[in-house]
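Trainee: Chain by chain, the residues run as shown.
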Amino acid sequence: MITLNNITIGYGRKILLGNICATAGKGELTALVGRNGSGKSTLIRVLAGLEKPLSGTVSIGGADIEGLSKKEIARCVSFTGTGRVRIPDLKCRDLTALGRAPWTGWTGILSEHDRDISERALDIVGMQDYADRCMDEMSDGEYQKIMIARALAQDTPVMLFDEPTAFLDVPGRHQIAGILERLASEEGKCIIFSTHDIGIALEKADKVWLLDGDRIVSMKASAPETAGRISSAFGIDGI
Amino acid sequence: MREKTITGCGVILLITLFAADLLTGSADIAPAEVWNALCGLSADKQTVLIINGIRLPKAVTALLAGISVSVSGLLMQTLFRNPLAGPYVLGISSGASLGAAVCVLGVSSGILHQTGPVLETAGLAGAAWLGAAAVLLLISAASRKIGDNTVILILGMMLGAGIDAVVQILQFLSDEQSLKSYIIWTMGSLGHVTGLRLGIMGGATIAGVVICFILGKNLNLLLLGESYAATAGTDVRKTRHWIFLATILLSGTITAFCGPIGFIGLAVPHLSRMIVRNADLRVLLPCTALCGGCIMLCCDIIAKLSAIPVNAVTSLVGIPVVVWVLFRSRKTFPVSF
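Residue numbers (the working numbering), protein chains in the order written: chain A, 320 to 558; chain B, 764 to 1100.
Hints should not be assumed to be uniformly reliable.
Here are the simulated DSSO-like cross-link-like pairs (lysine-lysine), alpha carbons at most 30 angstroms apart as the crow flies [claimed, not checked]:
| id | chain 1 | residue 1 | chain 2 | residue 2 |
| --- | --- | --- | --- | --- |
| 1 | B | Lys808 | B | Lys1067 |
| 2 | A | Lys333 | B | Lys908 |
| 3 | A | Lys389 | A | Lys345 |
| 4 | B | Lys908 | A | Lys371 |
| 5 | B | Lys908 | A | Lys390 |
| 6 | A | Lys371 | A | Lys389 |
| 7 | A | Lys371 | B | Lys1001 |
| 8 | A | Lys389 | B | Lys908 |
| 9 | B | Lys943 | B | Lys1067 |
| 10 | A | Lys389 | A | Lys410 |
| 11 | A | Lys345 | A | Lys539 |
| 12 | A | Lys410 | B | Lys767 |
| 13 | A | Lys371 | A | Lys345 |
| 14 | A | Lys371 | A | Lys539 |
| 15 | B | Lys1001 | B | Lys908 |
| 16 | A | Lys333 | A | Lys389 |
| 17 | A | Lys410 | B | Lys1001 |
| 18 | B | Lys1001 | A | Lys389 |
| 19 | A | Lys390 | B | Lys1001 |
| 20 | A | Lys345 | A | Lys390 |
| 21 | A | Lys333 | A | Lys371 |
| 22 | A | Lys371 | A | Lys390 |
| 23 | A | Lys410 | A | Lys390 |
Rather than coming from a laboratory, the hints here were simulated on the basis of the structure.
Build out the structure end to end from the sequences listed, making use of the hints.
Mentor: So this is what it looks like as structure tokens:
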């Protein structure tokens, strides 16, 4: 679904990741793990088309994203960043509907079909009852769910999330990771999310991309050696 | 439904205030006489002159100024995702002031004095407009290189402070008569916009507002920040340039023709948010325009009744609103962290 072909990313002279290759497929939940400053967020931004790699290409469904227009990329990949945005008086329903932007005309007016997709997205993340609440009244967990609904409404085969479980308590983290797991398996989405919660990565994800030095190591989350490999990359004993 | 009711009430209030503004003035003219003068039925030449030559252009100017300044304030608050952004923060007002200062205090004032009052005012206005546009072009060029809105905001403030210092030097070096003319310009006036200038102002306001409506969808996406807007298919750079153009047309033109109008651009978008309680820019824009028009007409009526400069009134009306908003909703400003 999404393929990294010999990608090098970094800032100016500083190389974060050099000549990396990896693939994430349809219906697959991939956890991106690595230490602070290892390049997780930058990699996600490159995959989203927000930043260009220093070299190499990213292809989605066989098409190089360099050759796609902004709108075409927006119909292939959705992006949810880290941190929290507070917009007073923006209802959750309207926020979710913003996800329909790549599919609506220049006025942004929603068709019946767009509305149905937004409502379904709210339903899937279990936030239908919160649709008329404003986003500045949400808890961090509720906010994450609404942002997932917004990304889901964008109706893209690839979904990227930068630290969706940050700032959440343990049950909250499991709930969010559970939703992502469901979206991958039931909706057939190709989901890549970065996280510092290695337990969640191993438990919920199908695949782990470990950023180690300037390399990326792609492993099956269920493989017995994965945990050990992550531990050694983080320089700690046992996870 | 709620939005339609609010818009309906807003339009009625706007028409009422516009009528009230026409009825207010130093000469005591009965409403029937005002109506006759507007319809061309009045026999009294002086009444026709007062209504059609002075009060009507002034009321239209107040309306246009209110709409322009408020909508440009909303644009900047949305683009910079900062509740305190406005023409002043970006240095636009300072740029306009520099243009005016160069014109009034500098070399050109001598030449302009000899060309008659119309060209003098037009020259002053044009210079102020150029100054505002120059600052925005600089900021726009910087934004192409930097791409970070917070840095651009700080840059705008620095630029504004630098320009203010230059204006101060010019003031220090100028003679008494020029200084007085300049100070009067900074107080703001709605009374010198007639004929061609009113036409230009009307055209600029309409063009600016139309651009804003076309940008509605992209402005909504920018609420979440540039990363979200870009990944939703928006060409952020292009959108930013269009916003700058609308700002030059709206804020620059008004500053040039009426002097810097304080605090309306900052306060009115907040008032509108409180009234409509909807973050959708496509709803907020018309409400802000209506609200801005109403408040500026109110300010003009107050200025006429109390015979003080309109800029003093806009500040006295605007500042308490801004302070109130700051206290009321510190937590709910559209900021991210």
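Trainee: Each hint: holds or not?
Mentor: Status of the hints after comparison with the structure:
Under the criterion of a C-alpha separation no larger than 30 angstroms, the hint pairing Lys808 of chain B with Lys1067 of chain B is consistent with the structure, at around 22 angstroms. With a C-alpha separation of about 20 angstroms, the suggested pairing of Lys333 of chain A with Lys908 of chain B holds against the 30 angstroms cut-off. For the suggested pair Lys389 of chain A and Lys345 of chain A, the alpha carbons sit about 22 angstroms apart, so the restraint of at most 30 angstroms is met. Note on Lys908 of chain B and Lys371 of chain A: the hinted pairing holds, with a Cα-Cα distance of about 16 angstroms set against a maximum of 30 angstroms.
The straight-line distance between the Cα atoms of Lys908 of chain B and Lys390 of chain A is roughly 23 angstroms, inside the 30 angstroms bound, and the hint therefore holds. This hinted pair checks out: Lys371 of chain A and Lys389 of chain A have alpha carbons roughly 13 angstroms apart, not beyond 30 angstroms. Taking the CA atoms of Lys371 of chain A and Lys1001 of chain B, the gap is about 18 angstroms. The hint holds against a cut of 30 angstroms. With a C-alpha separation of about 20 angstroms, the suggested pairing of Lys389 of chain A with Lys908 of chain B holds against the 30 angstroms cut-off.
Distance hint between Lys943 of chain B and Lys1067 of chain B is fulfilled; the C-alpha atoms sit about 21 angstroms from each other, no more than 30 angstroms. Between Lys389 of chain A and Lys410 of chain A, the direct Cα distance comes to roughly 26 angstroms. Compliance with the 30 angstroms bound is thereby established for this hinted pair. The hinted pair formed by Lys345 of chain A and Lys539 of chain A meets the criterion: a straight-line CA distance of about 15 angstroms does not exceed 30 angstroms. This hinted pair checks out: Lys410 of chain A and Lys767 of chain B have alpha carbons roughly 18 angstroms apart, not beyond 30 angstroms.
Taken as a hint, the Lys371 of chain A and Lys345 of chain A pair is honoured in the structure, with Cα atoms around 24 angstroms apart against an allowance of 30 angstroms. At most 30 angstroms may separate the alpha-carbon atoms for a hinted pair to count; Lys371 of chain A and Lys539 of chain A meet this at roughly 28 angstroms. Among the hinted pairs, Lys1001 of chain B with Lys908 of chain B is consistent with the structure: their alpha-carbon atoms are about 14 angstroms apart, no more than 30 angstroms. For the given pair, Lys333 of chain A sits about 27 angstroms from Lys389 of chain A by alpha-carbon distance, which is consistent with the 30 angstroms threshold.
For the hint linking Lys410 of chain A to Lys1001 of chain B, the alpha-carbon distance of about 28 angstroms falls within 30 angstroms, and the restraint holds. The straight-line distance between the Cα atoms of Lys1001 of chain B and Lys389 of chain A is roughly 12 angstroms, inside the 30 angstroms bound, and the hint therefore holds. For the suggested pair Lys390 of chain A and Lys1001 of chain B, the alpha carbons sit about 14 angstroms apart, so the restraint of at most 30 angstroms is met. Pair hint Lys345 of chain A plus Lys390 of chain A holds up; C-alpha atoms about 21 angstroms apart against a cutoff of 30 angstroms.
A threshold of 30 angstroms between alpha carbons decides the hint, and for Lys333 of chain A with Lys371 of chain A the separation of about 14 angstroms falls inside it, so the pair holds. The hinted pair formed by Lys371 of chain A and Lys390 of chain A meets the criterion: a straight-line CA distance of about 17 angstroms does not exceed 30 angstroms. With a C-alpha separation of about 25 angstroms, the suggested pair Lys410 of chain A and Lys390 of chain A falls inside the 30 angstroms cut-off, and the hint holds.
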